[in-house]
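Asker: Single-letter residue listing:
Number of protein chains: 2
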Amino acid sequence: MDVKLRNYVYGQWVEGAGEGVALTDPCTGETLARVSSEGIDVGRALAHARQTGGAALRALTYEARAAMLAAIAEVLAAKRAEYFEISLRNSGATEADAGFDVDGAIFTLKSYARAGKALGAARHLKEGARVALAKSEAFQGQHFLRPLTGAAVFINAFNFPAWGLWEKAAPALLAGVPVLAKPATPTAWLAQRMVEDVVAAGILPEGAMSIVCGGARDLLDHVTECDVVSFTGSADTAARLRTHPNVVARSVRLNVEADSVNAAILGPDAVSGSAEFELAVKEIVREMTIKAGQKCTAIRRILAPAGIARALGEAVAGKLAACKVGNPRSEGVRVGPLVSRAQQAAAFEGLAKLREDCEVVFGADPAFAPVDADPAVSAFVQPTLLYCDKGLGARHVHDVEVFGPVATIVPYVGTAEAIALARRGGGSLVASVYSGNAEFLAELVPAIAELHGRILVVDAAVGAQHTGHGNVMPNCLHGGPGRAGGGEELGGLRALALYHRRHVVQGGPALLDALEREAADAALLGA
Amino acid sequence: MDVKLRNYVYGQWVEGAGEGVALTDPCTGETLARVSSEGIDVGRALAHARQTGGAALRALTYEARAAMLAAIAEVLAAKRAEYFEISLRNSGATEADAGFDVDGAIFTLKSYARAGKALGAARHLKEGARVALAKSEAFQGQHFLRPLTGAAVFINAFNFPAWGLWEKAAPALLAGVPVLAKPATPTAWLAQRMVEDVVAAGILPEGAMSIVCGGARDLLDHVTECDVVSFTGSADTAARLRTHPNVVARSVRLNVEADSVNAAILGPDAVSGSAEFELAVKEIVREMTIKAGQKCTAIRRILAPAGIARALGEAVAGKLAACKVGNPRSEGVRVGPLVSRAQQAAAFEGLAKLREDCEVVFGADPAFAPVDADPAVSAFVQPTLLYCDKGLGARHVHDVEVFGPVATIVPYVGTAEAIALARRGGGSLVASVYSGNAEFLAELVPAIAELHGRILVVDAAVGAQHTGHGNVMPNCLHGGPGRAGGGEELGGLRALALYHRRHVVQGGPALLDALEREAADAALLGA
Numbered sequence: 235m236d237v238k239l240r241n242y243v244y245g246q247w248v249e250g251a252g253e254g255v256a257l258t259d260p261c262t263g264e265t266l267a268r269v270s271s272e273g274i275d276v277g278r279a280l281a282h283a284r285q286t287g288g289a290a291l292r293a294l295t296y297e298a299r300a301a302m303l304a305a306i307a308e309v310l311a312a313k314r315a316e317y318f319e320i321s322l323r324n325s326g327a328t329e330a331d332a333g334f335d336v337d338g339a340i341f342t343l344k345s346y347a348r349a350g351k352a353l354g355a356a357r358h359l360k361e362g363a364r365v366a367l368a369k370s371e372a373f374q375g376q377h378f379l380r381p382l383t384g385a386a387v388f389i390n391a392f393n394f395p396a397w398g399l400w401e402k403a404a405p406a407l408l409a410g411v412p413v414l415a416k417p418a419t420p421t422a423w424l425a426q427r428m429v430e431d432v433v434a435a436g437i438l439p440e441g442a443m444s445i446v447c448g449g450a451r452d453l454l455d456h457v458t459e460c461d462v463v464s465f466t467g468s469a470d471t472a473a474r475l476r477t478h479p480n481v482v483a484r485s486v487r488l489n490v491e492a493d494s495v496n497a498a499i500l501g502p503d504a505v506s507g508s509a510e511f512e513l514a515v516k517e518i519v520r521e522m523t524i525k526a527g528q529k530c531t532a533i534r535r536i537l538a539p540a541g542i543a544r545a546l547g548e549a550v551a552g553k554l555a556a557c558k559v560g561n562p563r564s565e566g567v568r569v570g571p572l573v574s575r576a577q578q579a580a581a582f583e584g585l586a587k588l589r590e591d592c593e594v595v596f597g598a599d600p601a602f603a604p605v606d607a608d609p610a611v612s613a614f615v616q617p618t619l620l621y622c623d624k625g626l627g628a629r630h631v632h633d634v635e636v637f638g639p640v641a642t643i644v645p646y647v648g649t650a651e652a653i654a655l656a657r658r659g660g661g662s663l664v665a666s667v668y669s670g671n672a673e674f675l676a677e678l679v680p681a682i683a684e685l686h687g688r689i690l691v692v693d694a695a696v697g698a699q700h701t702g703h704g705n706v707m708p709n710c711l712h713g714g715p716g717r718a719g720g721g722e723e724l725g726g727l728r729a730l731a732l733y734h735r736r737h738v739v740q741g742g743p744a745l746l747d748a749l750e751r752e753a754a755d756a757a758l759l760g761a
Numbered sequence: 235m236d237v238k239l240r241n242y243v244y245g246q247w248v249e250g251a252g253e254g255v256a257l258t259d260p261c262t263g264e265t266l267a268r269v270s271s272e273g274i275d276v277g278r279a280l281a282h283a284r285q286t287g288g289a290a291l292r293a294l295t296y297e298a299r300a301a302m303l304a305a306i307a308e309v310l311a312a313k314r315a316e317y318f319e320i321s322l323r324n325s326g327a328t329e330a331d332a333g334f335d336v337d338g339a340i341f342t343l344k345s346y347a348r349a350g351k352a353l354g355a356a357r358h359l360k361e362g363a364r365v366a367l368a369k370s371e372a373f374q375g376q377h378f379l380r381p382l383t384g385a386a387v388f389i390n391a392f393n394f395p396a397w398g399l400w401e402k403a404a405p406a407l408l409a410g411v412p413v414l415a416k417p418a419t420p421t422a423w424l425a426q427r428m429v430e431d432v433v434a435a436g437i438l439p440e441g442a443m444s445i446v447c448g449g450a451r452d453l454l455d456h457v458t459e460c461d462v463v464s465f466t467g468s469a470d471t472a473a474r475l476r477t478h479p480n481v482v483a484r485s486v487r488l489n490v491e492a493d494s495v496n497a498a499i500l501g502p503d504a505v506s507g508s509a510e511f512e513l514a515v516k517e518i519v520r521e522m523t524i525k526a527g528q529k530c531t532a533i534r535r536i537l538a539p540a541g542i543a544r545a546l547g548e549a550v551a552g553k554l555a556a557c558k559v560g561n562p563r564s565e566g567v568r569v570g571p572l573v574s575r576a577q578q579a580a581a582f583e584g585l586a587k588l589r590e591d592c593e594v595v596f597g598a599d600p601a602f603a604p605v606d607a608d609p610a611v612s613a614f615v616q617p618t619l620l621y622c623d624k625g626l627g628a629r630h631v632h633d634v635e636v637f638g639p640v641a642t643i644v645p646y647v648g649t650a651e652a653i654a655l656a657r658r659g660g661g662s663l664v665a666s667v668y669s670g671n672a673e674f675l676a677e678l679v680p681a682i683a684e685l686h687g688r689i690l691v692v693d694a695a696v697g698a699q700h701t702g703h704g705n706v707m708p709n710c711l712h713g714g715p716g717r718a719g720g721g722e723e724l725g726g727l728r729a730l731a732l733y734h735r736r737h738v739v740q741g742g743p744a745l746l747d748a749l750e751r752e753a754a755d756a757a758l759l760g761a
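The listed protein sequences derive, respectively, from chains P and X.
Quick note: the first sequence uses our numbering, first residue 235, plus one each step.
Quick note: the second sequence uses our numbering, first residue 235, plus one each step.
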């Protein structure tokens, strides 16, 4: 099958012109489909989303839109097997990898469907109490949040074609803002298919959901101060979006999630044989192998007390040695390929940089060969564990994010050095800490909190109940400062703030009463 | 007196090198002082602010920092007469103009001193309830906000040397974040003097407040992901800040308040002779004349029903004709000069553009001469009222902000056109509406809310109790989308969010209990 995936714009399924770009199977190199946005009028697509989709969505209440999210989740759940097949073919995903993406999307939609009910039959939000402005009550102020009348433009990453789309679309649609998705080209198939299924199911009003596959073309020339652009991907692309003249001139709201050199941190009590040590080993191996390390939240650096670091390396290496790497169609394979040869080349390049700072504990084997796949056409990277004893002096370890199954152990001495190393990442999505030592945690957690969107702390009492270092829960904030882009996603209803505008109305009580009618309480967003 | 104002950096008063830039009296052209930042190590200044000032501030509680704001307000109030004198000399401010700036600063500090008490003896904030993450309670999530460990860098505008500094510094200091202020050069004297007085009073810990007068030098090369840059000024400068490589690479938090073509909107009931008409006339005249129109919130466009627009023009023109324009030292003068010849030239340039779209109702008189001032050296612009019957077709009226005593009446037919015209501003700080017509307000206010940070609605019942179109109340949001920069300031404790970082901690209940200890409730920020 070598079809051209159609774009859904201005209420039509439109095939892009020209030859398009091939989507391939990263295990076999086979071309699966083609995408092209050539000839698509993205300005018209945006206008249609705003005028037709936005108006229809905003006419509904929050709870009506929440019900739509539940219906979307059902549609997707019914087609789960097809999506797993697409994930396998287009992303080289194992069943666990595909589940992480597809089931994550469904779970997130259901979570927002549930949370959105709390906003009830309202269409906008009032925030806080009346503000006193005059001696009498004849003149007061009231803050409100109203849904934007523009579109939510999603420029998404290749690693989560399903979850990456719906974790953004759920809060946008719940807020009443139509979505125009631009999935990353190499893995656009799954996102495109899902939109096709949701459009066919007739759940959403026309214009509420559009998708453009292939190049973004002149999309950013058409965004306005009423739109939101939400980007996930590389820091380089983020910089291009941030400095785009139209984005700058119109102060277009831009949410960015970019690179992140996330750390796992073992406490002084996480000695070999302890529950915390075992939990850390398990999580590190999981993070390195699931989706072949292609998660923006994956563990890239492992900070361990100097007396523990070597034993940790051996334990992780032992588990990695037991992981079968190859074609996920093959029995027992746990680690699949990267999504493309280009990603493979980028990972090798990054790995070469890291190796300037590091010794190899496991992997980077010149003789490595994937199971049931031809190294000449496939996109595999052997899981590789490195060890860097240069601490803060390392040249690349704290800056280079190898987007693959690669992590580096960095030994530290004393809590202050652990804090300095974690902060040296320059802003990350997540850090996980393996310790039950209250004193250590009391010092470390507040000191690194400023530079992390999320901190996961695991000890013996938490045990296997934790949701994972790299697993993004819809009811918890996702995003990180600095290198990680400075954006905020999810966190339950907090995510709706991105799609609303805050303002204050000053006037008489009758006017404010009228404006408050049918408004839900904005306090629910941070509740 | 022609002294060089010193910079306060790394705990020292340092005079900049070289000749410096002259600050002048805009009535006389006299040189008052000089500023220079040459030779100042701004990187060191920032490091000192963070390490010395930030650490000391964060060791204090919110309520202790609130008390400092009250003490600062007292110091400033005691020197009010001196500040009025500086405002007169360096800004050509009338007593009312100086009051708007100086008393506004003191009022805002007092407001934050009062509001900050509510945060009590805490040093950080917890946000919302525990998040359920596992079947048991052994693993949960909790969102927090912590003060940034960086510095708050203020790049401020020339029109509010006092208020512009303290409306930003109050929430930053309350949050525990040290301030480095870079006032606009032409009117830096007042800001510099205030910092001098506050430093001398010994209220703040060393490093909590720094000031650099003159060029910003390489300041932006030294900001990090832990700092905040808050800018007020032109869209051009805003664009330079936004696209600065270091700001982009580190996702430095940047709050922008830029141009704004604010509208006053008369409802269909605001007919000549009505209370709403009279209130509109009074407010328009006030907005055009106070601070000679040099307020980012000032009325630039006046949208009036076609049947009212001419009568409104006559009424406003009549009042403007009675306003004495000239040297504020002269008895009865109500309108002073712009702050500089450069601003005067820019205003004339903008006025010429507007006149391509407009007829003159009042002003723009070639024979205009200010009272008691030499037109050859002073910076006066005659208050000028224009009339544009081109509606949405106007080429400049909706885009060009003349930063002076200039406003344009634009007649409209029907509420839909009023909405379209107001929105055509592309995002404004404020719109004021003069109407008691509930139906009109119910249609207009929600439709323009998305593009305005604040909407003031005045009717007969509100009467003279309203706080004004251009008056920024500390307990109400200040900022606007799009052209206005997309930033958010003030709004009571809401302003503290800019200086905190949100994150979520996932872990066991004992850890979360410990982290919650001594945390205030973040719900107070939007209360």
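No wet-lab data here; the hints were simulated from the structure.
Keep in mind that a hint or two might mislead.
No copy labels: a pair is met if it fits in one copy or bridges any two.
Said to hold, decoys possible - In silico lysine-lysine, DSS-like type, Cα no more than 30 Å apart, as pairs: (1) K587 x K344; (2) K516 x K558; (3) K558 x K344; (4) K587 x K516; (5) K516 x K344; (6) K313 x K553; (7) K369 x K344; (8) K344 x K624; (9) K238 x K516; (10) K238 x K624; (11) K553 x K344; (12) K238 x K369.
Asker: Hints first: check each against the structure and report whether it holds.
Answerer: Each hint tested on the structure:
no.	hint	result
1	K587 x K344	neither (42 Å within a copy, 54 Å between copies)
2	K516 x K558	within (16 Å within a copy, 79 Å between copies)
3	K558 x K344	neither (34 Å within a copy, 66 Å between copies)
4	K587 x K516	within (26 Å within a copy, 68 Å between copies)
5	K516 x K344	within (29 Å within a copy, 54 Å between copies)
6	K313 x K553	neither (34 Å within a copy, 71 Å between copies)
7	K369 x K344	between (48 Å within a copy, 17 Å between copies)
8	K344 x K624	neither (45 Å within a copy, 51 Å between copies)
9	K238 x K516	neither (42 Å within a copy, 64 Å between copies)
10	K238 x K624	neither (50 Å within a copy, 48 Å between copies)
11	K553 x K344	neither (34 Å within a copy, 61 Å between copies)
12	K238 x K369	neither (67 Å within a copy, 45 Å between copies)
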